[in-house]
Amino acid sequence: MKTYLSVYKKFFETSLAEASSFRTSFILIILMDIIFYLTTLSSVSFIYDHVSTIGPWNKNQLMFFIAFMLTMDHLHMAIVSENFWELSVKIRTGTLDFDLLRPLSSIFSVFFRYVRTSSLINTPLVWLMLIYYGRQLNLTWHQWLLIPPLIILGFTLFVIIEFCLSVAMFWTIEGWGINFLRMQLQQLARWPHFIYSYFPRKILTIFLPILLVGSGPVNFIYDLSNTQLLFGACAAVIVFAIILKYLWAFALTKYDSPSS
Amino acid sequence: MNTNTYAIKSHQLYKNFRSYKKQSGFLGSLSSFFNRSYIEKSAVDGFDLEIERGKIIGLLGPNGAGKTTLMKMFTGIIVPSKGELTVLGHHPWSRETEFRKKIALVMGQKSQLWWDIPAMDSLELLQRYYEIDRDSFQKKVKKMSELLQVDHLLHVQIRKLSLGERMKMELMASLLHSPEILFLDEPTIGLDLMAQENIRKFIKEYHERNNCTIILTSHYMADVQALCEDLVLIFNGQKKYDGNIHDFEKILGVEKNISFSFKTPPVFDHYLNQFDPKWNENKTNVSLRVPLEEVQKVGINVLQNHSPIEFNTEKMPIERVMKTLMEQPELLDN
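Same order as they appear, the protein sequences are chains A and B. Under our numbering, the first residue of the first sequence carries the number 743, and numbering increases by one thereafter. Under our numbering, the first residue of the second sequence carries the number 70, and numbering increases by one thereafter.
A hint or two may mislead.
Negatives, chain B to chain A, calculated, CB over 10 Å [unchecked claim]:
1) E119
2) W183
3) Y199
4) Q226
5) G259
6) P334
7) H339
8) L372
9) P398
Simulated coverage check for chain A against chain B, where a stretch passes if three residues somewhere in it have a Cβ under 8 Å from a Cβ of chain B [claimed, not checked]:
10) 746-756
11) 759-766
12) 839-848
The hints are simulated quantities; they were obtained by calculation from the structure and are not laboratory data. Just so it is clear, the structure is predicted and the values come from calculations on it, not from any experiment. Beta carbons are placed, not taken as given, at the ideal position from N, Cα and C, and that holds for glycine.
Please model the complete structure; the sequences and the hints are all you need to start from.
Dropping the structure here:
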């Protein structure tokens, strides 16, 4: 674990060194992220100018859910997002070879190599948004305490599902299709589970459980007795982690490494 | 011989790759989208090999012979289709952490260093991957960078370095953790003569000091002659020669290379043409591959009939042996 942390610290430093050498791009990414957060929140707020509730939730509850998802999304953008795009490049060009030689888990070397350091600048902003909407709901202290671990749980579930999907790049080689699929799933996961009709909801809760990513934790925060979706999310993390382990090992046996 | 004496042992090793044929143009793209005809290519075909620890072995062969595929199987990057393989007592494709700490790979055409950051950052990342203590890391970096004369470039972004400087950094990166086996896949490709010589000298000295096993592929025979005690020759995925470099030089028989220079292009008769003459562009210089017992006769013939202005005799250069074998691989079947 110590080695992983030490390597990750260096991943962070080198990502910062790399990103900061392109200053305009660095600043543009910060601005684009801020615009994304504000447009997402304002579009939901706009809908509530015309309706009083969506499903069982009022405006404040849904705004808190969206802020919760954006905080998770922010973590995703900062920690893993770039690496999905890099994976197909690595498979096509063969630079994956060197990741496979390193004496740590290749999943770690592949999916955590690049940290989008510019996105981290927005950390205070997303947490302020979350705190603001949490205060609108008058959350209790133990509800506040639950937020950070539940964000980590949702984030973990979502990225493990994405890792599993990305393994398909070993066969497709080209990564655009898989990456667009991931992004579409992100869009679907940004809404609470109850807005979907019966069959899509079942599929996206049981087979490809992306709706558990946000709905599981937030429902639990709202009602501590509502544990069904939360346990579902925990179970899904375990199941998909096991699937990932075997899928990744199998994919590596199919890796051909392009000729030099 | 004890299994521990071997760094690499393979038996009936195979690797097949599948690709598909695609016709050019719009219709070709459409047709290959719906109906692909696949081709199975055998890159490594029943390869048996035993390499003792501490040796430097040259893995030679034309492009596409299967050298890099072998290297990738030895390092565990790709999995063999069939056969047995152990490297330092491990099955490489199991990718055990202990195994990965014992090996290093340098590819002349692929970089393990990060393009937009200085080499030192990449080296520090590797220090953490391989858990090298700080003092030992600093000593190694100082020593190797001085030997390779790149100590002043450690804090320059990789993309700003020349190819030769970059390759020196690649070598340093691969040796930081003192691997037991070093795989060098065309480490001097594209480098100028000075850089090639510098890298060869460094590898030779490193091997003398550390006695690690080195597997080298290169199309430059100067690399092979300077570094390798033994050669393995691979053609179409099959091993065609495995032995000492001096025996390899005699693989076509005990022959000498005789070269002659002329003022004006001479016309050789049937007798001289049988010695595989290789002419320069303006036909004023020729080199002949002559069996030892014929050397005197050929020399007298040319001196008497064509009045050369200069001539010299040397043992068959390894380039000439390789070139002949690449042109006539069937000679290896005899």
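Now for the hints, and whether the structure bears them out:
1. E119: holds, 23 Å
2. W183: violated, 6 Å
3. Y199: violated, 7 Å
4. Q226: violated, 8 Å
5. G259: The claim holds: G259/B sits with its nearest Cβ about 12 Å from chain A, beyond 10 Å.
6. P334: holds, 41 Å
7. H339: holds, 44 Å
8. L372: holds, 48 Å
9. P398: The assertion about P398/B holds, with a minimum of 20 Å to chain A.
10. 746-756: holds (count 7)
11. 759-766: holds (count 3)
12. 839-848: holds (count 8)
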